[in-house]
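A.B. asks: Combine the two chains into a complex, taking the hints into account.
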Amino acid sequence: MKRRLPLKVSVSGVRGIVGESLTPQIAARFASAFGTYLGPGTFLIGQDTRPSGTMLKKAVLSGLLATGCQPVEVGVLPIPTILFLTREKQARGAVVVTASHNPPEWNGLKFIGPEGIYLRHSQVEEFLDIFHQGEFTLAPAERIKSPLQEKNAGELHLERILSKIKVKSIRRCRFRVVVDCANGAGAVLIPRLLQELGCETLLLNTDIGGEFAHQSEPVPENLGELCRRVKEFRADLGLAQDVDADRLALVDEKGRPLGEDLTLSLAVAHVLRKKRGPVAVNLSASMAIDDLAARYRVPVIRTKIGEINVVEAMLENGAVIGGEGNGGVIWPEVHPCRDSLAASGLILEMLAESRQPLSSLAAEFKRYYLIKEKLECPAEVAFRAVVELRRRYRAERLSTLDGLKISREDSWVHIRPSNTEPIIRLMAESRSAARSRRLIEKFKKEIKDTIKKFR
Amino acid sequence: MKLLKLNLSGVRGIVGETLTPELIIDFSSAFGTMQPPGPILVGRDPRKSGPMVQEAVISALLSTGHEVINLGICPTPVIQFLVRHYRAAGAVSITAGHNPGEWNALTFINSEGTWLNEFQGSELLDIYHLGRFAHKKLKKSPPVMTELNPEEIYFSWLRRRIRTDEIGRARFKVVVDPCNGAGALMVNKLCEALGCQLIAINNEPSGYFPHDPEPRPRNAGEVASLVRATGADAGFLLNSDVSRVSLVTETGETLSEEYTFPTVASYWLKQHRGPVVTNLSTSRMIDGVAGKFNLPVIRTRVGQSAVIQTMLQEDAVLAGEGSGGLAAREFHPAFDGFVTIALVLEMMAVEQKKLSEIVRTLPRLHIVKDKILCPPHRLHTLVTETRKLYPMAPVNSLDGLLFDLKDVWVQVRASSTEPMIRIIAESPSELRARVEVEKVVAFLNRLL
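First to last, the sequence lines map onto chains A and B. Under my numbering, the first residue of the first sequence carries the number 1, and numbering increases by one thereafter. Under my numbering, the first residue of the second sequence carries the number 1001, and numbering increases by one thereafter.
Rather than coming from a laboratory, the hints here were simulated on the basis of the structure. Here the structure is a predicted model, which means the values were calculated and not measured.
Listed next, the stretches of chain A that the computed footprint assigns to chain B, with coverage defined by at least 3 CB atoms under 8 Å from CB atoms of chain B: (1) 58-72; (2) 130-144.
Subject to a maximum C-alpha distance of 30 Å in a straight line, what follows is the list of computed DSS-like cross-link-like pairs (lysine-lysine): (3) A:K275 with A:K164; (4) A:K151 with B:K1139; (5) B:K1139 with A:K8; (6) B:K1137 with A:K151; (7) A:K304 with A:K442; (8) A:K374 with B:K1139.
Here are the in silico distance ranges between beta carbons for each label pair: (9) B:M1145 with A:P140: 28 to 34 Å; (10) A:E150 with B:E1017: 27 to 33 Å; (11) B:M1145 with A:S122: 40 to 46 Å; (12) A:E125 with B:H1211: 45 to 51 Å; (13) A:E232 with B:R1087: 47 to 53 Å.
Virtual Cβ for every residue (Gly too), placed ideally from N, Cα, C.
Excised from the complex, chain B in its bound form (with noise of 0.2 Å):
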């Protein structure tokens, strides 16, 4: 199967096969034509293709007029931050994020610094579809400048914005896995910034992965065997472009990339009072995390555009998903792995609180996931064939099924980035979710 997932934040596919040049300065192209005149930065994480994904980004951008502002390897969130800064058109992100090192993609982002929204999206879509392109004459080209070091600033903003003071008072040691991704060397100059001593494993920006880059307990086997070692008091693990991170506690628990989001939400809570948001598939430990705040969450379908648009949209305070990312509105709104470690520090040092200590006040509960894999074409037909399996339970279709039986949440949905279908069960009881999950995976295998 040949695998290409056009959404309306970007285009995502395999190198050699679908993410051919030629697609990217189409969509580059339709990109440069839809935004309006002004410069528009470029970044990308360290992956062998980054280099022929960005040639061809900057030909496409300049070729529709505008100066671009090459910002070499840079995580996502600091590109998002920088498109503000410069007051810049918008910015082309190279990074396809957890996904493994054959893959590569484009994330499109506003003036505003966010993932395109829904209506963007779908312009753009409309004018790659169309394939007519404002291609200039170029009597004259606009400029191409390169930015050496692009992170400064935003570490010179970030340090002001968090309570360094406290957190460098308490000396901390932290293990940081950044996998070889956008954000190797720069964990360097966070914990410079933030006063910690750095343990540091993958952290060359060579494009090599060690392991896929997803921020999960099954990559977090060294970082936590690090941590033993070397008696740090936190472990953290990146993706390729800085927007997830898991955490790893000074026991060395390798801890589900659902709890990055709570954790943090049960300190900045405290003190920003305001509604959380969420997606539907996150598991529901916000929700009583929220309670003891008495805040509302609102759940909106997966991913961070759609979470970061609703943040703004209804001035909530904090954004975030099950994946580990999330976003502050206070910082910016942006999944940021930065932020995130930066928060999670600082609550340890404000609270003085181990890790673990604090995990252990987040509700317990437990989520299970599996996949099964299934005709493109299909996706949605058997999704909606689940329905027939809880006749009577309430029913959210915002994003696939959600069903809400009394102890435990069912959620079907069709993948925006692959062609399967997640199956996802939360409940106290770890067998409960089980049970639930199984049900609806036999029953989608006899369907098809």
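Just chain A, with the same shape it has in the complex (with noise of 0.2 Å):
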């Protein structure tokens, strides 16, 4: 296969290698095909804890300079309070240098519209058009703003937080708890809204110098040191954040991961507890989702992978709680973005309240296995292959939403070709670990030959 240079356009913005393929110069033409979009006004600017973070960011300043906006610097913050941020600042858009969880060698640019969430497909085009056109609205020298600095915004979103949950309830258990912040954004405000609810804390990995500990997702394999020291701490939860603070893992007070998909279910059964609403989440998250709205008789809404499809899905239908499967929670109330801080706030709410520990509240949820796995197979081979598998299925309950996903009664499968990696990605849950296995490997083994045919 031929190397490709790894710069990723996409929904979710821009990503690429620093130094080889994400260089200032296109950060630059980026930022200034952003302020060409949205017009001269105010753009947040912040960043993850990247080491190239400050060199993009200056780009990225001079690109939004140059075209007349007035950017306001935030710092390093989780990309949810960002995104918070913008909107209760009425600014007309932001941007945030950061790569999410990829490998540190990564970064990127998020572009946030006005409304204080990602640009959805419709805006995205229409950026990227100008993006590709080349062809700039440069402001004239004497309209060129010089850039701000706000610190400390991110207390207005640990105040919204605040206003939301029962804080005096949270604060009377005195939670013990351990967090494992990646050396993320997240450590720049976890540690205020843990002490604002009560909680003794024992922070982990709260440098942001650039040094990550260990791999940025919250999957169980890299939470290793955060398991151990729950035990030791005796805390009653651990929790892990990614880089940029969105998604949020659960580790239970026996010093057990529970995987990032229980801490949706979690949310979602807590927050349909006190308030019922239709529910949105993406194709691939756990069928307990299911269940649970089908107990509180509320709708399910399935949309296609990608958080701002989610978030769409809530805005327009309502939703009182939705999310994805990888730990990623959206509670409107706070504002309508995956959100660590939210969740664990929602997450000790729920302790508080029903006066159980964090594994007897999970127990529910161990009835579902979900297995994820992946196969290389370039992108052309991978929707062919896609195709084919749809034909031979299609007697069943297929949704072709995003790539395929057959739902039966108690199990599922889903097939989808990724859009930022030559990878097929593959899942599949039920009520049995052994089934959910054969299910993997039975349609591992079926895209596979589907694959050598193309060949």
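C.D. replies: Here's what the structure looks like:
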């Protein structure tokens, strides 16, 4: 396979390897295109903790200034905080220098619109057209602004979260909590949140100097230290954020990682108990969500993969809770975006109100077995393979919204070519580990055979 | 016409048209790629577009692995001085000097603290054109340090080098117009260091230029009337990055910027014997001054880079241009408006003469300048054509064409910053000079 330069331009912005595919030139061009697209106004500029953040931020500042915009630097902040502030401060938009959970040599830019959510599909198309055409509306010299800096802008976000949860009942419990910030932007706010909630806290990996202690995805294999410390500290729970602090994974009081899909299930269970309303999740979130919704007789809307798709569905349907199976909980009471801080608040409130340990709250969801796999495969072949499988399973209950999802009584399989890497993602869930494994193996083999046919 | 000018010491353009963040990043990345490892200084004048340019420059330098020392608003000569002080790998000065506010430019400075020489300049352009920059992976980001009062070190150095006792004793009162440029507020520190009383106008580094930041008589009216009203001993105009000065005498006479260099030379060459360097377009007044001391005058192409490099190569004691910029070898190899002001005041104090008296001793010559717009692709062809006007005269073709007639010299050259041809003539008789300039202009207009 031809080695491609790893620059990914997608719905969620642009990502690349610093010094190879992601250069200051490209960052400045994107920023000028964004300033041209949304027009001169105030823009928030944030960054995660990657070492290349300052370099790229300066290129972004220059690109925005050249189009007559007024950038306000908010420094290192969780991405949900920046999304929240964009709407709260009535900014025209925001640019965040982050590559989410990608390895440290990567970085990227995320673009946020005036509603405080990522650009919608139609907006991305318009924005990228401007980028590709390369004709930017440059401001004359006398209308060029100077960047402003705002410190402690995150307080506003914390205040909002605290106003939406039962702070007093949580405080009364004096929870012991261990947090793994993954050396990410969460480290600047979550200690304050837990302090306000009266928790006794042990913080791990809070250094934001740009060195990552472990891989940033909050999946069980990266959370060894957190699990150990939860036991040592005799904590009630462990929280694991990713680098930009939009996703959250939990560790129970026995030091067992619950798997990131459980965060969403717990949050949905907690919110629905208090307030009934539609739930929106993506296609690969656990079927535990459907069972919960059935119990409360509320509809579940399933969307394509990608945060913005879930957010759009939630806004359209007035959903009370939603999110993604990867630990991204979206609670619109605070702000319609994946938010590890709001999710932490919800989980603590749930623990306080239920007066049960996390392990027994989680037990209900231990009846679901979700397995994820991936297969290397060039993008073009992957799409043809999926089409072929679609034809083969025509008789079953299918969703072709994003790849192929086959839903059966008590189980499902989701096959999806990744749009950022040359791989096919494969997921299966059922009520038994063995059965989920069997499903995965069966489809893995079937995909491999199909791919072979095309080569 | 879109105006963008690349030359050997940098790139100059109009913000909002040609000087875009990408272009700035490309050039700065080329510079970062070319320079050896080490910190690079970045400073700017207070133009409104300064922060936009500065962010792009710093981004590119970080990307090519250089630590950055951000000097904020800082005059070019101070940046040049600090390169040596910090033992930096180079510097970028963000200023369009005497150009109006909508312009901006990058001037690249090497590790010696001088503008890039010819070879460095062409290497920079080669890297720029090739477009392959040494962007680093940035596993660790080089730091950006912000220097809050970078000029302090400079002024304490300057104070030691100037005869401040004599200047202080003379109790001078001076009017200075820094044109709201990089010299704004810093002239207060200069006068404090020299012990002068300062009357300053346009002394806010706000980015709004009250007039074109070009030190020359047509911008000097305000200073002249203040000098007369306050009974000051001298008036000075600065450009936006403090590399050029023009003088106003205590009588309120606004002197052409051509006078600055020979005025200082008439004092400096008394104590410092050695060759003098200037460009071909500068007034022959300097030949008269140097001749008095039997010192040779070496002529170069126009531009700070050429003049300064020749000063260093030829071990000259003084270098300057008719635009009001000058450098004394004993200070540092940079056109420095603060040094110029200090030397003029030192001369007045040491020689105990008024500025008008000093100027009266200079040879009386009349220089006449004109320019005509010309499409860029015909510039050099048309300049060559003028040879037909003076078939018999000796010609110097180092920079355009310079015809040496007996009682007048005429230079015809393509501007290196704008699409125009400049015509300059000088003679003891103003009429004679004017006639020659008009002759050339009429000739060129016929060809156009």
